[in-house]
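J.: Given next are the chains, with one letter for each unit.
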Amino acid sequence: MKTDFKKQKQFKKILSFCIFLLILLSMGDFAGKVSADAFNGPVFSNDGPEAVLKHCVNQSISILNDPAYKGKSQQEILQKILFDKCEPTFDFMALARGVLGRNWRRFSKKERNDFSKYFSHLIAQAYFAKLNKNSINNISIQYIKTTKLPPTKSGIKRADVVTEVKHNGIITPVIYRMLKRKQGQWKIYDLKIEGVSLVSNYRAQYRNKFMETPEQIISELKKKVGK
Amino acid sequence: MKNKYLFILFAAIIFIIFCFTASVYAEDNNSGDGLFEDYAVQQNTETVPDPLYRFNYRMYQFNDKLYFWLIKPVTQGYKSAVPLIVRSDIKNFFYNLLFPVRFVNAILQGKFSGAGSELTIFIMNSSAGGLGLGQPAQKVFKLKNFDEDLGQTLGSYSIGEGFYIVLPVLGPFTLRDLTGYVGDAFLKPVNYVNPYALSIGISGFDKINNTSFKLGDYKTLKDDSIDPYTAIKNAYIQLRRDKTKH
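Respectively, the protein sequence lines represent chains A and B.
Under our numbering, the first residue of the first sequence is numbered 1, with each subsequent residue one higher.
Under our numbering, the first residue of the second sequence is numbered 1, with each subsequent residue one higher.
Take the hints with a grain of salt, since some may be wrong.
Below, in silico cross-link-like pairs of lysine-lysine (DSSO-like), each with a Cα-Cα straight-line distance of 27 angstroms or less [unchecked claim]:
(1) LYS207/B / LYS72/B
(2) LYS222/B / LYS222/A
(3) LYS80/A / LYS222/B
Derived by calculation from the structure, the hints in this document are not laboratory data.
Bound-form chain A, shown alone:
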């Protein structure tokens, strides 16, 4: 009975964790087979979107499989390292802009930076915090295809990377929307899990906040991430 309870607890962790993996993992069936340094090479600015995504995923897995970060006491450090490693793969400024929608106009440059910073921590908190090693080995990720989207007028390239995450026989479609500015690599600026866009969802929530000042919005977010 005791082991059952333990198993159940573990399984629960795996489930919540699954959501994190939706962000991170994207392609191939590489559960536990990734060696620590095979994928730690630099990302080249001419790499395609799926290559960049794959790089981020593989790096995260190698960190998670690193015995140095086992144990509960290492959890916080592990999360910080994961955040630092994944951060370059996200364009949090574009993400924040999409999330704020028309509120964006009311934010000063500094407020935009602050908002984007805290929002990145909210995302990290939502997905990285539930992280542990056991969860990865139960999940397989299938890379389906990459769809090119029309570039913006300002010449930013865009693409959708379509993947499927399989866990306990349940398949969840996950689409990463990525952008590439003239300088720099491909970066994620939205993701759709089962057709639900993260940016659209938060944008709907912030749309109701047009009466609040940017300071109020930022301080509320700050409280939420506990910083």
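Please build the complex by placing chain B on the supplied structure of chain A, with the hints as guidance.
T.: Relative to the frame of chain A, chain B by itself:
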């Protein structure tokens, strides 16, 4: 008994008429760089009106309490007592039973190959799969399910979503999807079980079993949102729109 069904059907028709007439709010949208330009198009229709907000909000609170006080503890107990394989089989069994809903709606949408695929899956899983407990059709023969329902069918006929409504226990709906839900009830074998109490019991069991696969998801969604009510509403509408599109 027959009168009751007629009444439900009548209510459904009224709902549909409502859907036709209900307007959709337009929202202005700007997010520079054109990164979210296609979102603007989406956004114009993304807001489903919420005229019953006060009622809906109460129902949201009710469902929230219902989840944390009843459904979650019951599901936790159930989950620790029943191993994953068994729960998986039960889930498959109930999913197989909903074949008529998927089949009929695939046909109503003119997706005949989808309907064929559903029929093959049903026959295969009901026999070789052992009353639908296993899913050899999907696992061995790689057949794909077509998760169609009447709400999606109505959507494919360009019928508007109407407004947002949250019901106790059943959760969020748009008027269109609620209409579909009522209509689909005729195709769900569970609803023909007698007595009525047993039918509800089976549905409840199905729900607990399903919830055992996503325990914690609701809390995560709530914890990570700025405004949980809107987050749930938006997620529901996006999910339904995505399903209707495919």
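J.: Are the Cα positions of LYS207/B and LYS72/B separated by 27 angstroms at most?
T.: holds (11 angstroms)
J.: For LYS80/A and LYS222/B, compute the direct alpha-carbon distance and say whether it is at most 27 angstroms.
T.: Judged against 27 angstroms, a Cα distance of about 23 angstroms means the pair holds.
J.: For a C-alpha distance cap of 27 angstroms, please report whether LYS222/B and LYS222/A respect it.
T.: holds (17 angstroms)
In summary, the structure agrees with every hint in the numbered list given earlier.
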